[in-house]
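So for the sequence shown, the working numbering puts the first residue at 2; every next one is plus one.
Hints may contain errors.
Distance windows between CB atoms, simulated [said to hold, decoys possible]: (1) Lys178 <-> Lys121: 12 to 22 Å; (2) Asn141 <-> Glu36: 20 to 30 Å; (3) Glu63 <-> Met37: 33 to 43 Å; (4) Thr47 <-> Lys95: 39 to 49 Å; (5) Asn171 <-> Glu64: 45 to 55 Å; (6) Thr146 <-> Asp176: 11 to 21 Å; (7) Lys178 <-> Asn91: 14 to 24 Å; (8) Asn67 <-> Thr47: 17 to 27 Å.
To be clear, the hints were calculated from the coordinates, so they are not data collected in a lab. Every value quoted in this text rests on a predicted model; they were computed, and no experiment measured them. Every residue, glycine too, gets a C-beta built ideally from N, C-alpha and C.
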Amino acid sequence: MKLNIILKLETPFLPRDYRSGFISIIKSAFEQGDEMFYRKLYNNKTDKPFTFSVYFPELRSEENNNLRVGNKAILNFSSNDPVLITHLYNGIRKLKVHKWKDENTFTIQNIRAFFNKEIKKDSCTFKTVAPFLVNRKGDNLKYLTPEDEDFDHSFRFNINELCHKFLNINEIDFDYKIIKHKKMVVSHYNQSMTCNKAIIEMKARPEILNLLYNIGIGVRRSQGFGMIDLI
Numbered sequence: 002m003k004l005n006i007i008l009k010l011e012t013p014f015l016p017r018d019y020r021s022g023f024i025s026i027i028k029s030a031f032e033q034g035d036e037m038f039y040r041k042l043y044n045n046k047t048d049k050p051f052t053f054s055v056y057f058p059e060l061r062s063e064e065n066n067n068l069r070v071g072n073k074a075i076l077n078f079s080s081n082d083p084v085l086i087t088h089l090y091n092g093i094r095k096l097k098v099h100k101w102k103d104e105n106t107f108t109i110q111n112i113r114a115f116f117n118k119e120i121k122k123d124s125c126t127f128k129t130v131a132p133f134l135v136n137r138k139g140d141n142l143k144y145l146t147p148e149d150e151d152f153d154h155s156f157r158f159n160i161n162e163l164c165h166k167f168l169n170i171n172e173i174d175f176d177y178k179i180i181k182h183k184k185m186v187v188s189h190y191n192q193s194m195t196c197n198k199a200i201i202e203m204k205a206r207p208e209i210l211n212l213l214y215n216i217g218i219g220v221r222r223s224q225g226f227g228m229i230d231l232i
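Can you make the complete structure from the sequences, with help from the hints?
This is the structure in structure tokens:
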């Protein structure tokens, strides 16, 4: 299930490390929606069953290490958990305005909820809506691209971890092929992170494909990475 949230920005500039601002909106909305649920969700560092991406339709340029994004942002949020989606939806409606430190102020203009298309076959093609991160096992700060030797093992490990946590499946059988890829470096929490934009063909059981479609791929999904869409 997805939420599409339209936001008005007080000023047309955001820092390159803008994802942390939208994380703060999401956290504030969860706190407004249900404080006990918020504490349960954020009092541990385990994987969370959601992802999000941000689109700036008026994005123009970079100035003085800031992005000129215009006065509109579209926050797309996705999860397989209807309770989580409900708390966020209610919280966003209560929040109305969110001030992000001294960087900007966001006003919620509209929010829309809709269901993802259900995948019924055992193969599909995904494209990344937000770039995804794959880290080497045991090294949270080493991010990989398909050219790296450890990428395949690390990517498969990540998918298996998501299926174990959110589907209670210990080992899964899946195949994938990256048919288009672009490497990019982004700033996130004052770190430079190498991430991937791609088109990925994937074969797996429908329940696995639907999980990934709803919660994303890779690590740091709840921080604005890894959202995918069907093509």
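Structure-based check of all given hints:
{"no.": "1", "hint": "Lys178 <-> Lys121: 12 to 22 Å", "verdict": "21 Å, holds"}
{"no.": "2", "hint": "Asn141 <-> Glu36: 20 to 30 Å", "verdict": "29 Å, holds"}
{"no.": "3", "hint": "Glu63 <-> Met37: 33 to 43 Å", "verdict": "41 Å, holds"}
{"no.": "4", "hint": "Thr47 <-> Lys95: 39 to 49 Å", "verdict": "26 Å, violated"}
{"no.": "5", "hint": "Asn171 <-> Glu64: 45 to 55 Å", "verdict": "50 Å, holds"}
{"no.": "6", "hint": "Thr146 <-> Asp176: 11 to 21 Å", "verdict": "19 Å, holds"}
{"no.": "7", "hint": "Lys178 <-> Asn91: 14 to 24 Å", "verdict": "40 Å, violated"}
{"no.": "8", "hint": "Asn67 <-> Thr47: 17 to 27 Å", "verdict": "33 Å, violated"}
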